[in-house]
Structures are given as C-alpha cells and as structure tokens.
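With the hints as a guide, bring both chains together as one complex.
Read top to bottom, the protein sequences are chains A and B. Counted the way the numbering used here counts, the first sequence spans residues -19 to 159. Counted the way the numbering used here counts, the second sequence spans residues 283 to 533.
Accuracy of the hints is not assured; some may be wrong.
[Said to hold, decoys possible] Chain B regions said to be covered by chain A (calculated; three or more residues, Cβ under 8 Å):
1) 320 to 333
2) 406 to 416
[Said to hold, decoys possible] Listed next, the in silico DSS-like pairs over lysine-lysine satisfying Cα-Cα at most 27 Å (straight line):
3) B:K299 with A:K156
4) A:K158 with B:K295
5) A:K156 with B:K295
6) A:K156 with B:K288
7) A:K158 with B:K471
8) A:K158 with B:K299
9) A:K103 with A:K158
[As the list claims (entries may be wrong)] In silico negatives: residues of chain B with every beta carbon more than 10 Å from chain A:
10) V431
11) K440
12) I523
Since the hints were made in silico from the structure, they are not lab data. Just so you know, even glycine gets a beta-carbon here, dropped at the ideal spot from N, CA and C.
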Amino acid sequence: MRWLGSLLLAIGVAFLGISLVTFSVPYSYTYSFSNTLTVDVPSFVQLSELKVYINSTNVTGYVEVIEPDGLSHVSELPVVLYLHPGNWTLKLLYERYVTERFEVVNYTVSTNCTNVTTQKVIKVPEVVNSTKAVINATAELRVLQAYAVGNPEAFKALGFALTLLGVLTYAAGYLKGKR
Amino acid sequence: MSSALKVFRVVLKERYKSPTLELIVPAMIAGNVMIPAFLIRGGFQPYGLVLSFIPMINVSETAAIALALRNVIFVTGEHVYQGFVSSYLTMPVSRTSFFLMAMVSDVVIPLFTFLAIETVYLDLAGILNPYSSSMLVIFSAGYLFSTGVIYLTTFLLKSPGASVLTSIFLLSAIFVGGGVGEFGLIISKNLNFLPLISWTNPYVIAVAETLLPSRYFGALADALTLGVLIDLILGALLYVITLLNFRRMDL
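Okay, chain B solo, but in the shape it has when bound (with noise of 0.2 Å):
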C-alpha cells in the first residue's frame, strides 16, 4: 500500500470509528419516510415531492450536514486548532494531499453516502424522476456551498466555538434572508432580480415553480439553475481560499 493510502486510511478511520456510520447510515435511511408522507399530503404532485427535499425537513440531508459539520469543526478543526496536523505532516504527504484526504472524508463522503441511500431508497418507492433527481441536485450544490463556509471558517478562526457560530448564523442569515427575498419578487411578479440571489436558497423558486407551473411557465427553471451553478462555483472558490490559506498557514 502507497504512503498516501496509508495516510488517508488514518484520516478515514479518525472520522468514521464505530459507532459513527452505524448511526448516521440507518438515520438517513428512516428519515426517508417524509418523502412518502409529503407526496401523500400533497395529492401526488410535484410539490409535495419538493417541499419534502427542504433541509431540516428531510432527516436524511440534515443527518448528511451534521456529519459533515461535526467532521470539519470537531476533527479537522480541533486537529487545525490543536497543532496536531503538523504530526500528520511529517508522514510523507504534502500540504495539499492531506488537506484533499481531510476534504474528501469530511465532505464527500457523506454527501455519497448521501446520494447513495436516496437514489436507491427513490428508486424502490418508485418515485425517482427529474423532480427528485433535480432536488438531489439543487442540494448537493447547497451542501458544498454550506461545508465550503463552515471550511474557511474553521481554518481562518481557529476555535470550535466561534466556527460553529459564526458558520451557522452565516449561512442561516443566507438561506433565510435569501429566502425572504426571493419571496417577495416572486409574488411581486419581478422575476429579472430572482436569478441574482437565486442561490441564497433555491428551495423557494423550486416550491413556487412546481406549485404554480401554468403561472411561470418555466421561467423560474433559468433561475434555479443559475443558482445551481453559482453555489458549485462558490463552494470550489471558497474551496481553493481555505487551502491557499492551509498552505501558507504556520503550524
């Protein structure tokens, strides 16, 4: 086995030692039950299918964000705020091998564990279609937009406490000021500013163009999508600032 293997199993074994997975996994895999009980309640139209994709609502994407917070604050952080990442440092791995292994086992792997449970658990109730696939989608952008934040956060204050604060009222005075906002030009009918702030919380223009598709006839789609695009190239670009930082960082 290569050094960088052997590092990376480290890492991967820091974040998921027992019983880490054999809570989270089954807790993503009940939580689905919403999605059924939204469709239901919501006479089988696309919606009802939409609203149950919203964070904090769907147990399964809330379970795959505090996976990923408590990775990134309580593990890599501690070990940024500790010191002990010079340790990790003298095996032989680079500065920007270590910090992908930390990204990718902190980040990535519960959005694919993520991704997994949902699209075999969507398949199985039969109700893997553009609109859940798009949901999929739409949340996989927020996630890394949203670890993206907590990221930089987490290396550039260098305290659990203020990390977690700051990342969290943060990125709730985005979604929820966002949402706010995409509210009222969506019912004041003025769609021109939407795709700006479409990705602040592109749940909103996802409800209102699935609940009244004749009214919008697929204008709010352009939106949604650019906003799509805005959170990926957000999250890469806040990405790319925490490891410049990361590499220049004294240890």
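Next comes chain A alone, as it looks inside the complex (with noise of 0.2 Å):
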C-alpha cells in the first residue's frame, strides 16, 4: 500500500513538473520552398510565426494558405502568419516580376532633304505572370510560446489529482501498518 502511495506521489510530482515546463526560443527555423510547404504545428506548441517572404526585391509572389481546418486564403508576400496546433499547407501560386524585353523599333529620323529610317533596340519592360516558381520563397519560423505536453492545464490537474492521492495512499498504508 505504501510503495503504491510514494509510487503515485512520485508520478504525480513528475506531471506536475512536466506541465510547468514552458519553451522560449531565441531562435528561428528557416524553411525554402518553391512549391508547396506543409508545416505540422504539434499541439504543446500554443503559438508560432511563420514570416514568409520571397528574398528579391522586383519579384512579387503570393502563397495560399491553407488552415488546419481547411479554409484557406491567398496573400501577397511577404506576409506573417500565427500558426495554431494543427496542419497548416502553404502554396506558391504565382510570381509578378517585372522584366526588361528588347525590341527593334522602327526610328525615323528627319533631315533637310529626306527622311531616313533606322531601326534600334530598345528595352521595355514587361510585366511577367509565372504561375511556375522561379525564385525560391523563404518561410521563417519562430515558436512564441510551448509547453511539454498538449493540455499543460489538464496534466497540471491530473499531477495534483495523483500527487494528493499518493499522500492519501501513503498516509493510509502507514496507518495500517502502525494499527
């Protein structure tokens, strides 16, 4: 009876310790995509950030996301999202980039006594719609807050529950033995 009550104290005592475990991470996970990114967010992580960018400065990328419960929505990159447990999708749809074409153009030129037609190069920019990924998208994850376990309010009720019913067990065995 008492090696059942300082065995449930002692397992009690350890979820007690377990649940107040917190994680605070200076730190950031970098993932590269250029299709689709699929990040499972455990449930004793409470909140993340996942930043996601594309790293070129004339390339304009937007990503669908799509949520754990299954609703999802497009945005412009870069953009910062607050992943909650569950599985979270993301896709690279399109790329807006500007680019610089070159064209021969027809180039009149007037003089006194005709008009004399030369043809030069010239650039012009385009707008170019990629649905196929060129560029790399970035996706920076940093973890704000996590626990040890998935419910840390639950496990702290169950290790008191355990820790208070190995004291009763013990004090019981003790009791019995002395009589």
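Put into structure tokens, the structure is as follows:
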C-alpha cells in the first residue's frame, strides 16, 4: 500500500513538473520552398509565427494558405502568419515580376532632304505572371509559446490529483501498518 | 495463489523494492521534455523527432536500459555468482520457468513501463505519429538485442565487473562502429551493403531517411526494417542460448 502511495506521489510530482515546463526559443527555423510547404504544428506549441517572403525586391509572390480546418486564403508576400496547432499547407501560386525585353523598333530621323529610317534596339519593361516558381520563397518559423504537453492545465490537474492520492494512499498504508 | 505466481512475486519484489520505481518512473516522465525541445529546434520536421529518440539523448530510453542493466547484472547476475539461484530452484519451479520469470521482471517490465509512458506522453503532446511509433519499435528491437548481450555475458563470465565492461564495450563497439560504417555507406551512396549492417545502429539510417527523404525516396526504409528484424532475431537467439546455458549450468 505504501509503495503504491509513494509511486503515485512520484508520478504526480513528475506530471506537475512537466506541465510547468515552457519553451521560449530565441531561434528561428528557416524553410525554403518553391512549390508547397507543409508545417505540422504539434499541439504542445500554443503559438508560433511564420514569416513568408521572397528574397528579391522586384518579384511579388502570392501564396495560398490552407489552414488546419480547411479554410484557405491567398496572400501577397511578404506575409506573417500566426500558426495554431494543426497541419498548415502553403502553396506558392504565382510570381509577378517586371522584366526587360529588347525590342527592335524603326526609328525615323528627319533630315533636310529626306527622312531616314533606321532600326534601333530598345528596352521594354514587361510584367511577367508566372505560375511556375522561379525564385524560392523563404519561410521563417519562430516559436512564441510552447509547453512540454498539449494541454498543460489538464496535466497539472492530473498531477495534483495523483500527488494528493499518493499522499492519502501512503498515509493510509502507514496508519494500517501502525495498527 | 499458485506456487509459480508466488515465486514470481518474490522475484519481482526483489527487483522493484522501494524506491526503484519511485526514482525511475518520474525520471522517464520528466526526461520526455527533450522530445519537444528537439522538435522545436528542428522546425517540427520529422528528423527532430527521430533525433530526440536516439539513446543517451533520450533520458527515458537511457533510464530503461540502466534499470535493465542493473536488474540483469546486479540482481540476477549476483544470484548466479553467489549461488543463491539454487535456493530459488528448491521452490516448485523449473529452471526454464525461473529463467523466464527473471527475464520478464529484469527486461520486459522496464520496456513495458517505458513504452506505456512514451505512448501516453506522445499522445498527450500530440506527436504520436508514424515517425514516433517507428522510433519506439526501433528502440524496442535494439533494447532486446542489447539486454540479450548483457544476459549472455552475465551468465557466461560470472563476474559483475567483467560483465559490465564486456557488455558495455561490446555494445558500444557495435553501435559506434556500425554507425560510422553506415554513415560511410550512405554518403558514398553505396546502399547495397547497407541492409547487412543496418542492425548495428538503425538510428543513422532513420536520421538520413528523415533528413533527406527526397534523395532516398524510401530506399533506406527497407534497410531499416531488415535491421529491426535482425535485431529482434539476434535478441531472441541470445536469450535462447542463455537459457540453454542456464539449464546446463552447475550451481
């Protein structure tokens, strides 16, 4: 009886201890993706931040964010997402960037006697919409709040109950042995 | 209560008298904080989870192995060295039954305690997935092989110091040497010989498979499965050899 009490007490204290553990990580994890990124946020992570951007000044990217509950929305990059537990999917939809195209144009110069037409190569800016990602998108994950278990409050209550039960069982065993 | 159960109760009481479980079980529970720490550092990728299950990094696994090591060498082994086993055998149990009782209480109970704690913890933390389940299977196979080696050396050498040193050196050589060999084969992309040595250290293959899944496309999974099977077969073989040795032993 007493061994059961001390074992329950030890388990209860361990449960209480593990429920009080919190992680504050001054560290970010970087993903690089060109098509789809899946981030499976475990339930012990209460809140995390995902900053998605394209590391190029002349490219605008669009990403489709599919949330764990199935809802989806399209955001223009850069975007900061606050992730709650579940499976998040990010799809790089398309990129829009400005490129320069060389075009040969006829160039007419008027002189005193006649008009002279020559050809000239000029640069023409062009907006390209690409559904195929050329530049990788970067996603920076930062965990803002995490515990060691999924539901620390329930774990704390369970630990407290086990500790109490352990003390009572140990006391009952002690009294029984004394009698 | 049947006589066999009474003997089993004595065997069990001897190994788990207070405060053995009171120290080991909380250590196993609290040691799990390493798993979320690794998973966060690894950006929730599977290899973070796999890394956290490598023995010595994972406190719970180390506690289970330490308990088994202590049970085998310093309880069962001590009885064999001192000749106390003969007093057990005067009880109405056969040598085979006594060996099985000792094996269950020495090896199987720490493993089941570990598996129960891990399963409950992983489920509560929301990370009970195919990766973590596979790591539990890999550990269980390696654990049975390692304890099989410890059991055999204990019964053969009949000295606690010699058993500890021999089994630890032998297991370390297999684990480290095999791991280095596997690493060499993986980086040289010579995957044909990998299944042959995968049993020595399946963790290297598990890490490589989860770190770069697109490079190997599951080619390492077969080697991993074979390694786990070889570990289980070798473990069972070692236990059978030890049992046969114990049945013919002069006590």
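Do the hints match the structure? See the list:
1. Given a C-beta distance limit of less than 8 Å, the hint that chain A covers the region 320 to 333 of chain B holds, as 6 residues qualify and 3 suffice.
2. Coverage of the region 406 to 416 of chain B by chain A holds. Counting CB-CB distances below 8 Å, 4 residues qualify, and the rule asks for three or more.
3. The hinted pair formed by K299 (chain B) and K156 (chain A) meets the criterion: a straight-line CA distance of about 19 Å does not exceed 27 Å.
4. Among the hinted pairs, K158 (chain A) with K295 (chain B) is consistent with the structure: their alpha-carbon atoms are about 22 Å apart, no more than 27 Å.
5. Annotation: proposed proximity of K156 (chain A) to K295 (chain B) holds, straight-line Cα distance about 20 Å (limit 27 Å).
6. Distance check on the hinted pair: K156 (chain A) and K288 (chain B) sit about 23 Å apart at the alpha-carbon level, within 27 Å; holds.
7. Annotation: proposed proximity of K158 (chain A) to K471 (chain B) is violated, straight-line Cα distance about 69 Å (limit 27 Å).
8. Restraint check: the Cα-Cα separation between K158 (chain A) and K299 (chain B) comes to about 20 Å, which is no more than 27 Å; the hinted pair holds.
9. With a C-alpha separation of about 99 Å, the suggested pairing of K103 (chain A) with K158 (chain A) is violated against the 27 Å cut-off.
10. For V431 (chain B), the shortest C-beta to C-beta distance to chain A comes to about 30 Å, beyond the 10 Å cut-off, and the non-interface label holds.
11. Distance check for K440 (chain B) against chain A: the nearest CB is about 32 Å away, which clears 10 Å, and the non-interface claim stands.
12. Taking the minimum C-beta to C-beta distance to chain A, about 35 Å, the non-interface status of I523 (chain B) holds against the 10 Å cut.
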